[in-house]
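Quick note: the numbering used here has the sequence shown finishing at residue 428, numbered continuously throughout.
Since the hints were derived computationally from the structure, they do not count as laboratory data. There are no misleading hints in this set.
For each label pair, taking beta carbons as the anchor points, the in silico distance ranges come out as:
{"id": "1", "residue 1": "E59", "residue 2": "N164", "range": "24 to 30 Å"}
{"id": "2", "residue 1": "R170", "residue 2": "S194", "range": "18 to 24 Å"}
{"id": "3", "residue 1": "R170", "residue 2": "V343", "range": "49 to 55 Å"}
{"id": "4", "residue 1": "N143", "residue 2": "E366", "range": "43 to 49 Å"}
Think about it this way: if two alpha-carbon atoms lie no more than 27 Å apart in a straight line, the pair counts; the simulated DSSO-like pairs of lysine-lysine are:
{"id": "5", "residue 1": "K255", "residue 2": "K317"}
{"id": "6", "residue 1": "K72", "residue 2": "K173"}
{"id": "7", "residue 1": "K72", "residue 2": "K177"}
{"id": "8", "residue 1": "K56", "residue 2": "K115"}
{"id": "9", "residue 1": "K115", "residue 2": "K154"}
{"id": "10", "residue 1": "K331", "residue 2": "K317"}
{"id": "11", "residue 1": "K115", "residue 2": "K142"}
{"id": "12", "residue 1": "K173", "residue 2": "K115"}
{"id": "13", "residue 1": "K154", "residue 2": "K142"}
{"id": "14", "residue 1": "K142", "residue 2": "K173"}
{"id": "15", "residue 1": "K255", "residue 2": "K331"}
Ideal Cβ positions, reconstructed from N, Cα and C, are used throughout, including at glycine.
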Amino acid sequence: QTYNTNAQVPDSAGTATAYLCGVKANEGTLGVSAGVTRDRCNTTKGQEVTSILRWAKDAGKAVGIVTTTRVTHATPSAAYAHSANRDWYSDGEMPPDALEGGCKDIARQLVENIPHIEVILGGGRKYMYPKNVSDVEYPHEEKHRGTRLDRRNLVQAWREAKPPGKVAEYVWHRRGLLALNLSRVDFLLGEFLHPKVPWPLLDALGGPLACPGVLGQLQGGRWRAVPGSTGGRIDHGHHEGKAKQALHEAVELDRAIGVATRLTSTRDTLSVVTADHSHVFTFGGYTPRGNPIFGLAPMQSDVDRKPFTSILYGNGPGYKIVAGERENVSAVDFAHADYQAQSAVPLRQETHGGEDVAVFARGPMAHLLHGVHEQNYIPHAMAYAACIGSNRGHCNAAARPAIPLLLPFLGLLFLLC
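Using the sequences plus the hints, can you model the full thing?
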């Protein structure tokens, strides 16, 4: 059950706090209890809550974050940050009263709150650099320049925070990531594509989940845990009303889950796949078996006598009126990757849905995740299985495997508003 404490239909910050920290939260807030009001920095102190990533780290396990969004976005940042606003990516996005009140931006918290996260892979590097510093990959594009007002280079700060003698590698392109010998790397920070890269470029440029060999090196090398992972571009596709792009991203996530499954054993690894929320995305029209998923329903509307696709949205940018009537989809290329499926209500961006989402689990204690649960139950069940966190009364050396491996592979199927 995905609702936030103050919202029937949730946002990704409140839901991420629930399934990572085990506490329901208000819409738009990260890593804090429901005692925090969005945008109110002065309500944050004393309301911070810790995540399963922190619990695992405190138990001596290797931990990581892999995401197809910026690493400071709502879903991944709930693992390490505490913020009254999910949009405070750097201090350049924070209001003066929040800065004066002592609240920290999310990028700074990524470096400072849990400084020894072994693996961080995602996007959003501009929030790590001083304002107006040119980007390494897009030096002539102003929108990709650094945003930090404090003039700090957080990538440098990340390196300097590592213990002496440890190898910390920073990469900014898929080529650099694949060139690494990860058996010789202690800490890895990779910040790749910027958010909102045009869809056709995604396959050509590649991203963290496009590197399944990296997961193999992680498991076979010195790191004894596989990072939690999010497929946030699924959510972005839905928000744009581009069902084909969203489902393509879901297939890529499925491939990543398959790699993780092949690299681990159900004897000592609990794998969990879930969503932080749904979307107002529908699939209907009494289509026969074998009908193309992106094709037309086998009937026309009995009201306006026009065809319709089997995939539709309850709201979003696909709402189109032509000559006072619903657009005739037979006159457009509805199989195109950028086609925006028709929606019932016009919005610039499609919204999340409020229904329950599925949780899939395999491995030790997977039976704890069945039936209907509050979303904030998930990390407690995972922590119980891994003997981390505060509830360890059932754990003893004789009863548990020699090296229990926690795989919080949170492949969140519909992410990030």
